[in-house]
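Novice: Residues per chain are reported as follows:
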Amino acid sequence: AQSVTQLDSQVPVFEEAPVELRCNYSSSVSVYLFWYVQYPNQGLQLLLKYLSGSTLVESINGFEAEFNKSQTSFHLRKPSVHISDTAEYFCAVSYSGGYQKVTFGIGTKLQVIP
Amino acid sequence: DAGITQSPRYKITETGRQVTLMCHQTWSHSYMFWYRQDLGHGLRLIYYSAAADITDKGEVPDGYVVSRSKTENFPLTLESATRSQTSVYFCASTRGQDEGNQPQHFGDGTRLSIL
Chain A
246 AQSVTQLDSQ
256 VPVFEEAPVE
266 LRCNYSSSVS
276 VYLFWYVQYP
286 NQGLQLLLKY
296 LSGSTLVESI
306 NGFEAEFNKS
316 QTSFHLRKPS
326 VHISDTAEYF
336 CAVSYSGGYQ
346 KVTFGIGTKL
356 QVIP
Chain B
1193 DAGITQSPRY
1203 KITETGRQVT
1213 LMCHQTWSHS
1223 YMFWYRQDLG
1233 HGLRLIYYSA
1243 AADITDKGEV
1253 PDGYVVSRSK
1263 TENFPLTLES
1273 ATRSQTSVYF
1283 CASTRGQDEG
1293 NQPQHFGDGT
1303 RLSIL
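Chains as they are written, first to last, in my numbering: chain A, 246 to 359; chain B, 1193 to 1307.
Source of the hints: derived by calculation from the structure; they are not laboratory data.
Computed from a predicted model, the values in this text were never measured in an experiment.
Keep in mind that the hints are not guaranteed to be accurate.
Some, not all, of what chain B presents toward chain A, calculated at C-beta under 7 Å [stated by the list, open to error]: (1) G1208; (2) T1212; (3) L1235; (4) F1282; (5) P1295; (6) F1298; (7) G1299; (8) D1300; (9) G1301.
The beta-carbon is built from N, C-alpha and C at its ideal position, and this holds for glycine as well.
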């Protein structure tokens, strides 16, 4: 069985400051890792994903995440946050042959303070 | 590009009533999913479907029924609603075969309150 742990339920950060949202997973097989973002009253949207290859993946709006197999982590980072980044972020894991089933973390609410 | 739509967006009903949440996608995606989102639990899978007429239970299926007679539709029915089923429900879909590497596309959710 696989599981995802998001260590922080809420992260307040000042605008233009850096942020890291932590995600750890457990799985006995090879995994695929995702970060999704949810804005108020909306569904989740894919932010970035790691499938294979380079362990550092980036999104179009400046977020990046690094797959660390030895630490079973997939932390999300941004060097300078904007007010518009205020949202809830979900880490998720699936696995090869997993029939598209995904396990989600409980989410981290990022609050950007002006 | 309509994507994936859920209806209704908001619903209030009483305990014991039957309620059906609708989900429609225009991509012809093979896989469809129903989740519930609750504070402190994140998203939990209720049911999923790999194709028309193929459905299977997820993590929290009790009290729910699904069907999938057409690829594009995946309704979720609460046969006799209970207060514990008050939640926000999300439908999602994804293309691809059995590999788990496809991102899911979500609807905007149905906020269901059971009094």
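Novice: Each of the hints needs a verdict: does it hold here or not?
Specialist: Hint-by-hint comparison with the structure:
1. G1208: Violated: closest Cβ of chain A sits about 28 Å from B:G1208, beyond 7 Å.
2. T1212: 19 Å, violated
3. L1235: At 4 Å from the nearest chain A Cβ, B:L1235 passes the 7 Å test, so the hint holds.
4. F1282: 6 Å, holds
5. P1295: 4 Å, holds
6. F1298: 3 Å, holds
7. G1299: Cβ of B:G1299 sits 5 Å from chain A, so the hint holds.
8. D1300: 5 Å, holds
9. G1301: 6 Å, holds
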